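Let's have the full structure, built from the sequences with the hints guiding it.
Note that our numbering has the sequence shown beginning at 1, numbered continuously upward.
You may find that some hints are simply not true.
[Claimed, not checked] Restricting the straight-line Cα-Cα distance to at most 25 Å, the calculated cross-link-like pairs of lysine-lysine (DSS-like) are:
#  : residue 1 : residue 2
1  : Lys-73    : Lys-182
2  : Lys-399   : Lys-410
3  : Lys-350   : Lys-278
4  : Lys-257   : Lys-236
5  : Lys-120   : Lys-183
6  : Lys-355   : Lys-321
7  : Lys-24    : Lys-182
8  : Lys-120   : Lys-182
9  : Lys-257   : Lys-399
10 : Lys-68    : Lys-22
11 : Lys-320   : Lys-404
12 : Lys-320   : Lys-355
13 : Lys-256   : Lys-303
14 : Lys-404   : Lys-284
15 : Lys-321   : Lys-359
16 : Lys-73    : Lys-22
17 : Lys-321   : Lys-404
18 : Lys-410   : Lys-355
19 : Lys-399   : Lys-284
20 : Lys-359   : Lys-284
21 : Lys-321   : Lys-350
22 : Lys-257   : Lys-376
23 : Lys-257   : Lys-303
24 : Lys-24    : Lys-183
25 : Lys-399   : Lys-256
Keep in mind the hints are simulated off the structure, nothing from the lab.
Owing to the predicted nature of the structure, the values given are computational and were not obtained by experimental measurement.
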Amino acid sequence: MKFKTEPAAESLHIEDYLFAIKEKSDHLINYFLFSFFIIGLLLAFYYDTWEIAIGVGSLSLIAYYSAKIILPKSNLYQYVLSIVLGVFMAQFIYQMHGMFEMHFFAFIASAILITYQDWKLQIPLMLVVGLHHGLFGYYQYNGFDEIYFSQLDYMSLQTFIIHMILAGVIFAICGLWAYQIKKYSQAHIDLIFNRREIENQQLKTANYELDRFVYSTSHDLRAPLNSMLGLIEVAKYDTVEEQTLGHLEMLKASAKKLDVFICDILDYSRNSRMEIIKEEINFKELLHDVTENLKFIGDNNRKVEFNTDITGESFIYSDKKRFLTILGNLISNAVRYQNSKIPNPFVNIKIDASKTETKIVIEDNGIGISTEAHSKIFDMFYRVSQESVGSGLGLYIVKEAVIKLNGEIKIQSEVGIGTTFLINIPN
Numbered sequence: 001m002k003f004k005t006e007p008a009a010e011s012l013h014i015e016d017y018l019f020a021i022k023e024k025s026d027h028l029i030n031y032f033l034f035s036f037f038i039i040g041l042l043l044a045f046y047y048d049t050w051e052i053a054i055g056v057g058s059l060s061l062i063a064y065y066s067a068k069i070i071l072p073k074s075n076l077y078q079y080v081l082s083i084v085l086g087v088f089m090a091q092f093i094y095q096m097h098g099m100f101e102m103h104f105f106a107f108i109a110s111a112i113l114i115t116y117q118d119w120k121l122q123i124p125l126m127l128v129v130g131l132h133h134g135l136f137g138y139y140q141y142n143g144f145d146e147i148y149f150s151q152l153d154y155m156s157l158q159t160f161i162i163h164m165i166l167a168g169v170i171f172a173i174c175g176l177w178a179y180q181i182k183k184y185s186q187a188h189i190d191l192i193f194n195r196r197e198i199e200n201q202q203l204k205t206a207n208y209e210l211d212r213f214v215y216s217t218s219h220d221l222r223a224p225l226n227s228m229l230g231l232i233e234v235a236k237y238d239t240v241e242e243q244t245l246g247h248l249e250m251l252k253a254s255a256k257k258l259d260v261f262i263c264d265i266l267d268y269s270r271n272s273r274m275e276i277i278k279e280e281i282n283f284k285e286l287l288h289d290v291t292e293n294l295k296f297i298g299d300n301n302r303k304v305e306f307n308t309d310i311t312g313e314s315f316i317y318s319d320k321k322r323f324l325t326i327l328g329n330l331i332s333n334a335v336r337y338q339n340s341k342i343p344n345p346f347v348n349i350k351i352d353a354s355k356t357e358t359k360i361v362i363e364d365n366g367i368g369i370s371t372e373a374h375s376k377i378f379d380m381f382y383r384v385s386q387e388s389v390g391s392g393l394g395l396y397i398v399k400e401a402v403i404k405l406n407g408e409i410k411i412q413s414e415v416g417i418g419t420t421f422l423i424n425i426p427n
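Structural data, given as structure tokens:
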């Protein structure tokens with residue numbers, strides 16, 4: 001199977017790469033330009049050309065950095081740079097009174113421009129070199145003093161043409177390298193991007209298959225469990241023997257624990273792989289659905305008083321399923337672990353939603369959790385005591401869901417007093 005990337009996404013990756021290349025090249029050019037300026041100052045010692053070193057060198061730097069500041073989002077400053085590098089070459093030739101070696105600064109500049117991976121940057125430099133050599137050579141060989149194009153007394157037209165052809169070949173080679181490097185970079189980005197697309201598609205397929213497997217397995221396991229629970233209820237009506245009834249209750253409790261464990265495994269599997277899907281959340285409706293199903297799950301079937309306080313935005317957009325998982329687990333724990341010594345169990349739920357974040361506080365007057373267990377309470381399969389109900393996955397799933405939403409969760413609890421969970425989730 002062949003996967004094809006979206007042109008817009010692919011283009012965006014290439015633009016990001018080229019921007020990074022430009023930033024690195026700009027950083028490198030800063031060192032080269034100031035080095036060229038300092039070289040001009042050093043050359044001034046030989047022939048006392050301070051006016052040229054300071055004047056032309058400063059104007060060259062001003063031209064480059066002005067173009068870069070005035071047009072920050074344009075690449076025009078790079079063409080100005082190409083001209084400036086050619087001007088530095090002409091400056092060095094003049095300062096050394098036509099010394100032949102100074103011509104090589106044009107070739108050094110050409111090599112430097114390769115880092116931008118744009119062959120067109122060779123054109124302004126080549127024009128400056130051609131114009132400088134042609135104009136200054138013409139003036140020098142026609143008797144103008146202090147032109148300092150060359151230390152030779154005379155250069156024939158044929159020699160000049162050969163010189164320019166060789167310079168053009170060098171510029172062409174550097175331009176070709178810049179072009180080839182850019183094409184290779186784009187091909188490399190395309191390859192990496194295509195691989196990621198294929199890997200993402202394969203991961204989605206694997207997740208889909210895993211979802212089907214988990215759902216099928218949980219359904220196949222829970223179906224006989226539900227049948228077992230139904231048979232246990234039937235058997236309880238067919239006997240009055242206390243010992244048998246006791247055994248049936250224990251069997252029922254074990255079956256319920258296994259059912260809860262399967263549900264927790266399913267929730268964990270889905271939370272760890274499921275993408276964040278944002279949709280409208282109405283906390284009043286969400287809490288009503290959660291609390292109505294949890295009023296009588298305590299050991300003594302005592303009715304729990306729910307106090308809800310919802311402030312801020314009426315609706316937010318976030319992952320509704322994960323919010324349901326978080327609230328469902330925390331509120332069910334608050335109801336399940338009641339303090340039998342307190343006659344009026346309650347659960348206070350405070351939600352403050354804004355455009356930027358949602359703050360949730362769930363407080364109960366249950367049995368509480370010891371301070372020593374606070375650091376372990378969110379660990380996988382951790383259970384405070386042997387009497388704890390459930391698989392030990394509930395709070396671990398809550399924490400993972402909060403982390404998936406880039407939020408944080410804290411616990412405040414004291415044995416015999418109650419427990420408070422504080423959650424902060426960005427919207």
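Hints and how they fare:
no., hint, result
1, Lys-73 / Lys-182, "holds, 20 Å"
2, Lys-399 / Lys-410, "holds, 9 Å"
3, Lys-350 / Lys-278, "holds, 22 Å"
4, Lys-257 / Lys-236, "holds, 19 Å"
5, Lys-120 / Lys-183, "holds, 14 Å"
6, Lys-355 / Lys-321, "holds, 19 Å"
7, Lys-24 / Lys-182, "holds, 15 Å"
8, Lys-120 / Lys-182, "holds, 12 Å"
9, Lys-257 / Lys-399, "holds, 21 Å"
10, Lys-68 / Lys-22, "holds, 12 Å"
11, Lys-320 / Lys-404, "holds, 13 Å"
12, Lys-320 / Lys-355, "holds, 16 Å"
13, Lys-256 / Lys-303, "holds, 21 Å"
14, Lys-404 / Lys-284, "holds, 23 Å"
15, Lys-321 / Lys-359, "holds, 17 Å"
16, Lys-73 / Lys-22, "holds, 11 Å"
17, Lys-321 / Lys-404, "holds, 12 Å"
18, Lys-410 / Lys-355, "holds, 22 Å"
19, Lys-399 / Lys-284, "holds, 23 Å"
20, Lys-359 / Lys-284, "holds, 15 Å"
21, Lys-321 / Lys-350, "holds, 19 Å"
22, Lys-257 / Lys-376, "holds, 21 Å"
23, Lys-257 / Lys-303, "holds, 22 Å"
24, Lys-24 / Lys-183, "holds, 18 Å"
25, Lys-399 / Lys-256, "holds, 24 Å"
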